[in-house]
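J.: What follows is each chain in one-letter form.
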Amino acid sequence: MNTQTLHADIIPKAPLAPALPGKGLFHLTPVNQRRLDNFKRNKRGYWSFWLFMVLFVLSLFAEVIANERPIMASYKGEILFPIVKDYPEEKFGGFLAQTDYRDPVIADEIKAHGWMLWPPIRFSYNTHNLDLPTPAPSAPTWSLTPEQCAGVLAKRFADKPGASCRDLEMNWLGTDDAGRDVVARLIYGFRISILFGLVLAGISSVIGILAGAVQGYFGGWLDLVFQRFIEIWSSLPHLYILIIVSSIITPSFFVLLGILLLFSWVSLVHVVRAEFLRARNFEYVNAARALGLSNAKIMFRHLLPNAMVATLTFLPFVVNASVTTLTSLDFLGLGLPPGSPSLGEMLLQGKSNLQAPWLGLTGFFVIALMLSLLVFVGEAVRDAFDPRKTFS
Amino acid sequence: MSLEPQPLLEVRDLSIAFHQGGRTSLAVDRVSFSLKPGRTLALVGESGSGKSVTALSIVKLLGATSASYPSGEVLYKGQDLLQANEEALRRVRGNEITMVFQEPMTSLNPLHPIARQIGEILELHGMGGASERRTRTIELLEEVGIPDPANRLDAYPHQLSGGQRQRVMIAMALANRPDLFIADEPTTALDVTVQAQILRLLKDLQAKRGMAMLFITHDLGIVRKIADDVCVMQRGKIVEAGPTEEVFRAPQHPYTQALLAAEPKGKPPVADPTATPVLTGDNIRVWFPIKRGFFRRTIGHVKAVDGISLTVREGQTVGVVGESGSGKTTLGLALLRLIRSEGPIAYLGQRIDGFDAKQMRPLRRDMQVVFQDPYGSLSPRMSVAEIVEEGLAIQSPQLHWRERREIVAKALFDTGLDPAAMDRYPHEFSGGQRQRIAIARAMALEPRFVVLDEPTSALDMSVQAQIVDLLRDLQKRRNLAYMFISHDLKVVRALATDLIVMRHGKVVESGPAAEIFAAPASDYTRALFAAAFNIEADASGVVSQ
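Sequence order for the protein chains is A and B.
Under numbering that gives the first Met the number 0, read the first sequence as residues 0 to 391, first letter to last.
Under numbering that gives the first Met the number 0, read the second sequence as residues 0 to 544, first letter to last.
Same shape as in the complex, but just chain B:
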């Protein structure tokens, strides 16, 4: 190569500070990187590392009131965007530099059909003529892989699936043939199978258009798949940068090494089909009626869970995997008798599906649940001690409060938290610590059966591994029966003894986990595994878009 191409984007010594309550905190500390046309740069880091803030500040999308830039410059084609005025920025935004955000649900206006939302961008950047815009919109939708685009023009966002919505967002971002495309965790909210499709789409489009891509993610698997270069960020600083292959092969910085090693490891307990069954469900059905017309007659059902049988045994884990909307969580809630269901459910051989709330109450101490979102599952108004002891106060009212506190302290200790912090409030804890509190709340009652509803999904990779270790450790010590619901197959592989693959409320495949992971029998399971472990899209059409 005779001439090194000029970098399209060059960020030099960028610092970003936030001001709140008279305090100033440095979110990004002297970050430098550059991006050449046609290349992909990935910014990787855990939540709070400043990667999204960096991306947003490239086109100055941070609120001007609370953020400031103590140092640095953002050179785009030689022009410093930090110094540019609002008008110059508007010319660049949406035209030369475009962005796609994480949440496809909220990035589109729910009240406008998609054609209008794409057309608006074309119009804003100077494309006149309604029919011309329409043709271009169809072209764009076709390009991002929306089937039969001419007929989807008047669809509203809620009529599209999450993956399709993200495709529409990408179409909007591509509308004006940008030179730089910034993708801020574009696949995090999507199912693994859809994620693989979207990533391939982005890669294809980039190759076709020759645009530069700045890709922000926390998922190292994606980075390896898509990026040419990678910058690893930790607490606002870039700790390691370089070509992706090199960084992955020989990580230099201890943080990068830790990140790469953070995948959930370890083996699930040995499958033991003779262990005592704790909970059995037979042909469980949860059907939500669809009611229409003046008299609200039931005309059909949404079959969220449609005839699923399972047995959870002492000291064993049943993993339930599937895409979002496949009915995993509904199944878990049905087994705990938190929603209405049909079909016999037996706890230690005793039928409980006919029990009312009062009869269930004493059983609640044996059947516990841990939810996905550690921020939503702890009441912000109660101290940790109050949260953890709440169940005890109901289940064992005869205990003195001092004894209850002792049990709480022990539960916190067991989950790896310092009991001395029990009178603090949830907001003072990190996501991983909060999930430990939620686990402690379940464990304080000494249950025998625990439903774990995606307990690791909202957590950073390194914390995920710790929680997985903790759960396995607790299971071993207390001989717990787990039902582990997740879409993250790596975590499931580290925990589950048996596996149920669900789709549209039905079982696709079930059996001992080791066997299924080794040799999946159905096409759907194979496609799911390919997407999860290798981020490969399946072309055969067994997965939904």
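Here chain A stands alone, though its shape is the one from the complex:
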């Protein structure tokens, strides 16, 4: 590029502007490209991210993986989709309002006039296994002794004398104290934990960024008053308020989300505020002001990208904290309503049923895995946004 010469009078007639470079959907600025490379270079975090995404996406399809209804069925030439549609049991010769496809009578009836396509696990999170070989909580089926299975085998496989434990319906990780399959509850519980964590982290980030941005950018009295308010607000005892509120209204997913949101939005305010406070006097912000940009535009275009670095670095840890909060509330019995699949509740069952170690161990390992993955991802994100880290 020749910058040495000045061309005062040789202005060409043809348009000077080059054609727009191909800015596809995934166009990345060089800065972001470098960040992505840094993220990928942190192998542990990168693989954790993919593993986490696979688990999360799988859990989103929990209904197809673990369900008490078949995905598809054919009955007397008619193709049915029980997984999405309720069929009254009358259709198959029963009398219940909703068909219980696990009922041997119904199952045999459908099999006699067609076929059923089942999910890999034939339990939903609230399905009670009525053929438990031992009193609930029942151990994983593969670990049962023939004597333990004998009772159920006699009942279910009376016509097949050679049947063993292996012919029973598998509860891969046993059942809980209500006879519900642990694997099914795990998949649904994982989903609800992650979704709760993501939604809580997402909404509280948005609120936190807005509040921090306004405080940092305008400063002065607004900042002073808001900061004092936040100090008082965050010194309220969260747990007691939660206990009180949950004794008045039944805590559902959204009620819990709302209550936790009341306090969790504070976490990002300080970071964003500091970033805006620092950057609002940058020269390029002054230049934008001199160009006549409005405050909102300056905040959005010039300051928010700065604050996003700090925010995105924090985000995985905020998700982690949200997941942990929900789990601990469930563990204390203050969380989601009884019967909901939840990892915290599984831990609680593990605690009250020490003779059934599969409950506590499953809960522990899944929570540990989930939180570790998120922390590893968080580390990789932090590395990726570290401006000094240009190489691994």
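Warning: the hint list may mix true and false statements.
[What the hints assert, rightly or not] Computed list of lysine-lysine pairs in DSS-like fashion (alpha-carbon distance at most 27 Å, straight line):
id : chain 1 : residue 1 : chain 2 : residue 2
1  : A       : 296       : B       : 357
2  : B       : 489       : B       : 505
3  : B       : 236       : B       : 224
4  : B       : 302       : B       : 290
5  : A       : 42        : A       : 110
6  : B       : 409       : A       : 296
Just so you know, these hints were derived from the structure itself, not from any lab.
As the structure is a computational prediction, the values presented were derived from the model and not from experiment.
Add chain B to chain A, keeping to what the hints say.
T.: Relative to chain A, chain B alone:
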């Protein structure tokens, strides 16, 4: 002379390489020089030429992880410091070889009083006894010209001026009577008047102590003033070396010739007091209140700008000069209505000092600003096209994006940049090119009045001259009114038609630039000019320390 004195420091074939992201780049390429006791050697070059890296590697202060030395040796009194172990280096560092860095703001720990920071060095190198150290500290402070040193011992760095801080740094460096003193751009961050004082201090101290000095600078004026010998560095190589006088009289290498010729040249447009006034300010005041006590009552004011009147005319340039803290930039921001001020401001005869942000918005396209730091004034997250067209998108929203791109391209072309590069990002450009982008951003709106806030200060000398030419060229073609803020009088002389000399928020002297430069009326202006053009310190005390 019967015996040539043994060189104190001899650098032979030194190469320094940096490793980053799997790539290795050679910062210094087979550099050799030697320094005898009592002499001053200057390393000169533009930023990125490897002069500071060379100096730092003499005492191996570069991070060991990223830097390596593919070749060469650094012989200090016959001992190769590159091969020396950490313990031997510690004995040399701060004791026999000491350094002073550029930034006096960050070189001192803000949490410790200066006596403690000087005492620490004395203690580290084996001076016991608190009272003994105290006496020595007072001696040292006296030596570097801190007035009333006994009472300044417990001062914290923020209570001292920049020049005084640099004096304290020098006192720390001299504490153990070094044989070799390395000064890495020690005056770059200081005002010209203070710079002249510090340089004289260094020269005096060197004569008194007989120490050798390695002086690193980009300013050839300083070299001529202070150095016995000079090495000119370009891209990691020494392209020319020799006694200062010889190099200045007959430079051999084309790069040295270019450097010597790089001073801003040319004449400002002819002063024309009849041209249309674009912007007038009358008795402008910017006072920042000082609030104390529980009820935050205002007990006084910091008078950053205190009653300044000026008129900027079409096609003319008002130069505003003064030391840092004199209120130049504040005045510029006040005229652009970017900070609150008192006193009438009129744009083309229309009073604008009562306008709110919304009323100002349409006027912003006529009044633009270019800032000092080309690295800070461009958002690193936006491409050049986005940066330049940002103002257009606000001021002329009716334009199609294709038209906007065309205007951007034209503005870049006008400022001497290749429009084809408009979709690249600022970090891919050099400092001078970035400043051109900043100028293009202002020019894209076709303003009539531009505030130039030290647009050349952060740039290398040769680039400064180009930017000055560009600004003058743009002014001529577009009949622009400039307000040019600078502490660099050489640049101001090449651009300004009128001049305002400011100090402590007040006007010291103002009038047509040619007259003031020819015959400054006040003592302060005279001292400022002496410091700027001849690097001579003023002894009469009109300038601050």
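J.: Compare the structure with each hint and give your call.
T.: Verification of the supplied hints:
{"no.": "1", "hint": "A:296 <-> B:357", "result": "14 Å, holds"}
{"no.": "2", "hint": "B:489 <-> B:505", "result": "22 Å, holds"}
{"no.": "3", "hint": "B:236 <-> B:224", "result": "24 Å, holds"}
{"no.": "4", "hint": "B:302 <-> B:290", "result": "14 Å, holds"}
{"no.": "5", "hint": "A:42 <-> A:110", "result": "49 Å, violated"}
{"no.": "6", "hint": "B:409 <-> A:296", "result": "25 Å, holds"}
Of the hints listed earlier, the one the structure fails to meet is number 5.
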